[in-house]
Amino acid sequence: MDLPQINIEIVAVRTPDSGGRDVEMEDVQHGHAKGRRAPRNQEVFIPGDVVMDNAEGWMDGHGSYCSVLPDKRVEMLASVAGVRQIFTRVVVINPLKSRYAGEIGDIVVGRIVQVGRKSWTVDVGAQRHAVLSLGAINLPSGELRRKTEEDIGFMRGYLKEGDLISAEVQKQSGDGHLLLHTRSLRYGRLVHGMLLHVQPKLTKRGKGHFVSYETFGVHLIIGVNGAIWIAPTQRQLNIPLGLDAGEQLRQAAEEDYPEEQEMYVCMTAEEAGKFGAKADEQGYVVSATRSTATPIATLEVRKCMARIRNCIEILNREQVPIHRETIRILYDASRKYEPKELLQPAAAGEVFAAARQDLWGDSADGTVAD
Amino acid sequence: MADWKLEEPEAEDREDDAGINENEKKFLSDGIIDHDYRLDGRGPLDYRTVRIELGVVSSATGSAKVTLGSSSVLATAKLSIRTPGKITPDEGLIEISVDSSLPTSRRDNDDEEDMGMSEDEVKQILESVYRESGGIDKRRLCIVKGSKCWELFFDVIIFEKGTSVMDAASLAIKAALFDAKFPNLTVLEEEFDQCEVEFTDDPFDFWQMDVTRVPTIASLHKIGPVFLVDVTKEEMMTADASVVVAADINRTIYYQNTECGGSECGFELNVLEELVETSSSLCQEINSRLMKLLASA
Amino acid sequence: MELISPLTGLRRDGRREDEIRDIKCHFGVAKDADGSVLFEQGNTKILATVFGPSDAGENDDDDGDLDLLEDPSGLECEFKLSAFSQQDRRTGQGDDPRADEYSEYMEMCYKVVMFPHKNENSVVKVTCQVLQADGSHLAAALTAGTLALIDAGIQIKDLIVGCTTTIIDGKALVDISSHEELQRLPQVTVGVIARSGEIIVMDMKNRFHKDLLNPILAASLAGSGKIFEEVEAIVREHVKNSAPNFTT
Chain W
1 MDLPQINIEI VAVRTPDSGG RDVEMEDVQH GHAKGRRAPR NQEVFIPGDV
51 VMDNAEGWMD GHGSYCSVLP DKRVEMLASV AGVRQIFTRV VVINPLKSRY
101 AGEIGDIVVG RIVQVGRKSW TVDVGAQRHA VLSLGAINLP SGELRRKTEE
151 DIGFMRGYLK EGDLISAEVQ KQSGDGHLLL HTRSLRYGRL VHGMLLHVQP
201 KLTKRGKGHF VSYETFGVHL IIGVNGAIWI APTQRQLNIP LGLDAGEQLR
251 QAAEEDYPEE QEMYVCMTAE EAGKFGAKAD EQGYVVSATR STATPIATLE
301 VRKCMARIRN CIEILNREQV PIHRETIRIL YDASRKYEPK ELLQPAAAGE
351 VFAAARQDLW GDSADGTVAD
Chain U
1 MADWKLEEPE AEDREDDAGI NENEKKFLSD GIIDHDYRLD GRGPLDYRTV
51 RIELGVVSSA TGSAKVTLGS SSVLATAKLS IRTPGKITPD EGLIEISVDS
101 SLPTSRRDND DEEDMGMSED EVKQILESVY RESGGIDKRR LCIVKGSKCW
151 ELFFDVIIFE KGTSVMDAAS LAIKAALFDA KFPNLTVLEE EFDQCEVEFT
201 DDPFDFWQMD VTRVPTIASL HKIGPVFLVD VTKEEMMTAD ASVVVAADIN
251 RTIYYQNTEC GGSECGFELN VLEELVETSS SLCQEINSRL MKLLASA
Chain A
1 MELISPLTGL RRDGRREDEI RDIKCHFGVA KDADGSVLFE QGNTKILATV
51 FGPSDAGEND DDDGDLDLLE DPSGLECEFK LSAFSQQDRR TGQGDDPRAD
101 EYSEYMEMCY KVVMFPHKNE NSVVKVTCQV LQADGSHLAA ALTAGTLALI
151 DAGIQIKDLI VGCTTTIIDG KALVDISSHE ELQRLPQVTV GVIARSGEII
201 VMDMKNRFHK DLLNPILAAS LAGSGKIFEE VEAIVREHVK NSAPNFTT
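Residue numbers (the UniProt record's numbering), protein chains in the order written: chain W, 1 to 370; chain U, 1 to 297; chain A, 1 to 248.
You may find that some hints are simply not true.
To be verified - Have a look at the derived ranges for each label pair, beta carbon to beta carbon: (1) A/R12 with W/G57: 54 to 62 Å; (2) U/L269 with W/A354: 36 to 44 Å; (3) A/D211 with U/P89: 53 to 61 Å; (4) A/R12 with U/S133: 40 to 48 Å.
As the list claims (entries may be wrong) - So, partial list: chain A residues that the calculated Cβ filter (under 8 Å) puts toward chain W: (5) S5; (6) G9; (7) R11; (8) G153; (9) S242.
Bear in mind the hints are in silico, worked out from the structure with no lab data behind them. Keep in mind the model is a prediction, meaning the values are calculated, not measured. Even for Gly, the Cβ is constructed at its ideal location relative to N, Cα and C.
If we strip away everything but chain W, and leave its shape as in the complex, we get (with noise of 0.2 Å):
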């Protein structure tokens, strides 16, 4: 019987045995560390240092706090071990790493845990899940009509657990609640394609968060909260919610798209048949004709996401802020190897020395160039 080609790739490491007694272990994050130039002059904190002994008209930030001394003055005290950050009256002391910490504008990607009765329950990776209200979507009418109680019935129709969304951060409950919504095209749920999780630290608030290959026909949406979503573009990635096919269209050719060039409107059949049921209960129509056959990711598509994919793990891997640029000059680095063998520790080391000089630049200030 002919058999089907196995790759397996075994790497055996003895111990040295220095005095019988010493274990080595493989360490992650030294072993990446080597190599690389010190930072610049950042000064580092560990939990209980003083910040600042007098702390008086200064605020507490993340990763700080007041204590007040027996002689009334206030000492600002480091809580977490990071390097220090000053922002006008706030001191920010930034750990290496830390849970995703929402903040009012980012664009996340998370998951339906959970669907209650006015609002679902999102898993972002935060500390505490966040909140999507039913009135922070839009729905069939438009966002300005009052919710009612059948809306309050369909909830599972729109969306139900185990959905995935892209969405921004409207505000922070008091209780440490996010609270999401939906009101733009380019969120909403999110069909065909794969998520990957990397170090929320390294996806960072204010660059592209959708990137468009239009060359590899391949999309990504970058949630600040670590979350990336990659999906093949022919396919159109955020259904709005509730919202007809043909108001979607309308929609479409309203609003701006800076990073999105091409906005590709279609539904599938399915889609279009779920909200046309529900729309016919409530006299809304659908415009069956834009919900146009879905494209297959072919296999070309698949190599390219999954080029980017792995790119994205070594970046990930290599404590690189992960971005349409940085992910770019990976890929072409990386294009002489076949998209799997950049699992291979091997060649994912070569692939990120060949990047180097790219991601940093001439400048030898450690930082990465924008």
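Assemble the complex: chain W is given as a structure, and chains U and A must be docked to it using the hints.
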């Protein structure tokens, strides 16, 4: 209050949906079924790099840490001298324990991180491969028939419970056994079936077991008609059936277990044949490479 | 056998009375945890992992009475001793009989330095697993857990360090190894807030005269101070090395 009651049945069925959703599954399986192409670019029978570190725990006779994909497993071998069982006087004893470094509470609420195998399952499979089915030749552990034998303890600790935890655990056990040093003994007085053994003072006076024929485990997951090795978490959730096979370098099968994860499709005989063929050659390939590497390490 | 050589005045492993063992740390060893550290103090080796802070789930409904019973700090700690960690393999899957007690000590310590209001309705789980046992397990676990919390980026006011001390012939030996532990001598483990030196937990083993308490505690605090110095340097170095290749 009535509303709350309405929600209750829904809250229960959400367990099925935890993890990835149907659309993601479809996208993933389309690539595999249509193109034999996985999301990270691998083909169905491509493993990720396996990393084996020998001798990582100095307080044990033999130890090995194996990293395979997202799984990371440490196996340690320890020895002690016991009396063999009455029924098998010429065989030694083998004990296997499995523990995880994850917090217990996290393992209990496996709503999102359900990695299929529990520690007990891993332990049960390892025991049946290495103890019951003769994966390790217990007669080699006999010192004096009916009186003294080695008891071989394997402690398997799961650092990271990825999807290929079975594969990694079996590789770790095999490598740890390869690494184990059995001290040479002198048997002293022998009367009425009783005897004493004495250890030598020389720490370099030991023998090592030939592990060439010790089996390893390959776990495969089936998506559509395709069988995959070393699956990712997403692939595991998508798979409709899984198979665990233990085989040695001669393609002798020591253990096989198939599981149709809730799907209605069972295995047909020819599929099963093909599967056994594939998996046993996988084990053969892995074993022969492993032996070469262990010898050079 | 004597613990201190009469000739050299040194302990069996060549240390002076007040000398601690070498400390080594590897951060981020368990990739799926929020924070993790492989902590070595001499031959005692501990894997500490932190998960969280993550959502505690449905604690925010109106059934407030039940919530009162629960621990509001949202901290769960676990101390585990691996079966193979010791020279003699422990039979069965038996946990250390004191593991639960140790878990509680950990919880007490970390609760003091954490900010409860910043972690409302969320859970932080700290697990310390002893992979290789050579004495001072609780003390090392307390230190290792703190480092894992730091690695996870969880806010703490100060570090917690632990130190186990014994006393023989009026000489206090700090950071004792398993050999020194076996002698049934008075033994004290302290968990202290590193900078202020406040003792959060004190665990005593074997009986001893009250007059010995002061010297043994003084030695423990001095030992903790030394452990803190080492750990502090390691964390600083770690932050320096892996910090930001990029700035904001």
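Each hint, compared with the structure:
no., hint, verdict
1, A/R12 with W/G57: 54 to 62 Å, "holds, 57 Å"
2, U/L269 with W/A354: 36 to 44 Å, "violated, 50 Å"
3, A/D211 with U/P89: 53 to 61 Å, "holds, 59 Å"
4, A/R12 with U/S133: 40 to 48 Å, "holds, 46 Å"
5, S5, "violated, 20 Å"
6, G9, "violated, 23 Å"
7, R11, "violated, 16 Å"
8, G153, "holds, 3 Å"
9, S242, "holds, 5 Å"
Of the hints listed earlier, those the structure fails to meet are numbers 2, 5, 6 and 7, in rising order.
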